[in-house]
Amino acid sequence: MKSFLVQTALFLGVSLLFLLLSPVLKEGINPYLFQILMVMGINITLAISLTLINGITGQFSIGHAGFMALGAYGAGGFSVFLGPKLAALGLPPLVSQNLWLVVSILFGGGLAALAGLIIGMPTLRLRGDYLAIATLGFGEIIRVVITNLDFVGGARGLIGIPTTTNFFWVYFVCLLCGILVYRLSHTPRGLALSAVREDEIAATSIGINTTRYKVAAFITGAFFAGVAGGLFAHFFGYINPQSFTFVKSFELVVMIVLGGLGSITGAVVGAVLLTLLPEFLRAPQAFIPLPLPEFLTGFLGQVSQYRLLIYSLLLIVLMLTRPQGIFGRREFSLARFLGRKGTEP
Amino acid sequence: MNAPPLLQVHQCTIRFGGVTALNALDLQIHPGQLFGLIGPNGAGKTTAFNLITGLYHPSAGEIVFDGTNLRSCHRHRINHLGIARTFQNIRLFKAMSVLENVMVAMHRHTQRNFLPALLGLPSAEANRRTVENLALQWLSDFGLAEVRHEEAGSLAYGKQRRLEIVRALATGPKLLLLDEPAAGMNPQEKTALKELIRQIKKQYGLTILIIEHDMNVMMELCERIAVLDYGVKIAEGTPESVRQDQKVIKAYLGEPAQ
Chain S
356 MKSFLVQTAL FLGVSLLFLL LSPVLKEGIN PYLFQILMVM GINITLAISL TLINGITGQF
416 SIGHAGFMAL GAYGAGGFSV FLGPKLAALG LPPLVSQNLW LVVSILFGGG LAALAGLIIG
476 MPTLRLRGDY LAIATLGFGE IIRVVITNLD FVGGARGLIG IPTTTNFFWV YFVCLLCGIL
536 VYRLSHTPRG LALSAVREDE IAATSIGINT TRYKVAAFIT GAFFAGVAGG LFAHFFGYIN
596 PQSFTFVKSF ELVVMIVLGG LGSITGAVVG AVLLTLLPEF LRAPQAFIPL PLPEFLTGFL
656 GQVSQYRLLI YSLLLIVLML TRPQGIFGRR EFSLARFLGR KGTEP
Chain C
975 MNAPPLLQVH QCTIRFGGVT ALNALDLQIH PGQLFGLIGP NGAGKTTAFN LITGLYHPSA
1035 GEIVFDGTNL RSCHRHRINH LGIARTFQNI RLFKAMSVLE NVMVAMHRHT QRNFLPALLG
1095 LPSAEANRRT VENLALQWLS DFGLAEVRHE EAGSLAYGKQ RRLEIVRALA TGPKLLLLDE
1155 PAAGMNPQEK TALKELIRQI KKQYGLTILI IEHDMNVMME LCERIAVLDY GVKIAEGTPE
1215 SVRQDQKVIK AYLGEPAQ
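Listed in order, the protein sequences are those of chains S and C.
If you're matching positions, the first sequence starts at 356 in our numbering and goes up one per residue.
If you're matching positions, the second sequence starts at 975 in our numbering and goes up one per residue.
Worth flagging that the hints you see were computed from the coordinates, not collected in a lab.
Fair warning: there could be bad hints in the mix.
Said to hold, decoys possible - With the Cβ distance kept under 8 Å, some of the chain S side facing chain C (calculated, not the full set):
no. : residue
1   : Leu367
2   : Val369
3   : Ser540
4   : Arg544
5   : Ser560
6   : Gln640
7   : Ala641
Cβ coordinates follow ideal geometry from the N, Cα and C atoms, glycine included.
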C-alpha cells in the first residue's frame, strides 16, 4: 500500500513539474533548442516503445516508423478534418485544444495499434532476420500507401494541423510509456515477455502462449509509436511521408541498441544522445550560452563541417567498446549507482 | 493397475520426409509410475517427448492425457493440462535470474489481469510477493535459494539441470518428462539426482517419464521400462525382464559373430 502511494505521488509530482515547466520552457529558451527538446521527448517515447518489442520481447522489428506515420496521419487527419466541427462546439480554447489533442493522438495511437495487430499476426511467426525484413517491408508499405492517399495530401504532405503539442504532453507521454512498459515487463506474468526472447520452445513448454505475448508487445509498442507520431504531427503542424522512411526506423533501432537492448533507461539515454549529438555537431555554439574565445568558435565551426563523419565514428567507437549497449539489459538504479547493494525485500 | 492410464500414446507414427522416426508407438503410463524410456542413440526417444509435448504432431495415431486428446491442443495448453518437461540440451532463460526463471513458470498463481500491475495497485504488489515467496520456496526445497539473484546462464551445470526441473515443477504438472537428466553428471551427482527424482515423485505425487542413457540410474529408479530401437518399441516390462530380453541385448550390443 505504501509503495503504491509513494509511486503515485511521485508520478503526479513529476507530471505537475512538467505542467509547470511547460510555459516556462516555451517562452524561456531559444526556439531551436526548444524544438530539439520536443523532438527528443518524442524520440524517447518511440525508443521505449520499440525496446518493448525488440529488446524485451526479442522480436527484431525495423518498421517502427510505419506505426509512427500511421499515428501522425491518423491524429493529424483527425484534427484537420474534424477540427472545424469541434471549434463550433464553443468550448473555451484551452480546454478544447488539450482535449482534442488527447482525443486525436489516442485515435492515431489506436490506428497504429490496429495496424500492429494486423501486421503482427502473420509476421510474428517469422524469426530473426526474416521478421526484420517483413517488418521493414510493412513499414515501407504504410508509407507508400500514405504517399498515394490524396485526401491526406499524398506526397505533398498534410498541412494545417493545429500546433497544440506542448512540452507537458510530450514528456507526460514519455513518463506514461516508460512506467507502463516497465510495469508490464516486470510483473510475474509479464516476465513471460522476456522468456519469449530467451527461448521460445522452453517458454511454450512452461505454458506460455508465445504468439499472444508477442502480438501484445507488438500492439502496445505500435500504440505508443502512434501516439508519438500524433504528438509529432501536432508539434510541427505539417507532416510529410518522407519523415517516416526506414531511415527513421533505423535511427530508432540504433538508439535502443546503443542504450542497451531490453533496458528502458537505456532506450531513454540512447534517444537523448542520438537526438542531441547530431544537432550539437551541427551547431555547437547554440548549445553553449557562454561567449567563447576565438580559436574555440573556429574549431567548433570546423566540427560542424565534419559532423556526419564524427557522428558515425562515435557510433562505431561506442559499439566496439560496449557492444551490449550503454546499460546492457539492466535498468539504471539509483541504489546501485550510489553503491548500495540491490534492493532486497 | 486398474486405474485408467494417465498418458496413453496410441499407435503414434511420425515421419520426417522418408525417415520414420517413430513407428506405431504404444505407451501406457499409469498415475504414480516412474517410467523409463531407453534405446540406442537415434532410436526416437526425444522425438517421443516432442510428440507428447506438442512440438511435433503425429503423422498417425493419437495421444490422450488424463482423458483429453492432445491432437488439437496448442503446446502451451498441453502444459496447462499438466505435462511439464526438461530438455536434453538445457533450455533455461539464461539472461534472467534464477528466481525469475521459476516465477515465470508459475502461471497458476500469477494475476491474469495486467491492469492492477499497470496502475501499481497494492493487489498487484501482493500477488508479486505471493509468487516470489512460492518461487523462493521451490528454490530452497532444491537448494538453489542462495543463487536466486544470479543469472541462470551463469550457474554450474548441475545446478542448471536442477533449476530446469524446478521450473518444470513450478508449473504444477501431473506428469513430468525428464530428458536425459543425468547427462554429463559425475557418479556423485548421479546418486544425488536419483534421490532427487525419488523425492519429488513422493513429495508431489507425480508421474514421471524419464529418458536416460545411464543404465544404472534407470535400472534402479524405474518401475517399468520401454526400449526403443529405430523408432520401434522392441520391449517393455520391469527393469529385470528388459535387462534379459534378447532383442534388447541385440539392439545394444549387436549379434554374436558367426
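We went through each hint and held it up to the structure:
1. Leu367: Violated. Min distance 12 Å.
2. Val369: Violated - the Cβ of valine 369 of chain S stays beyond 8 Å from chain C, reaching only about 14 Å at its closest.
3. Ser540: This hint is violated: serine 540 of chain S lies away from chain C, its Cβ roughly 10 Å from the closest one there, beyond 8 Å.
4. Arg544: holds, 4 Å
5. Ser560: Status holds, d = 5 Å.
6. Gln640: violated, 44 Å
7. Ala641: Since chain C brings no Cβ nearer than about 39 Å to alanine 641 of chain S, farther than 8 Å, the hint is violated.
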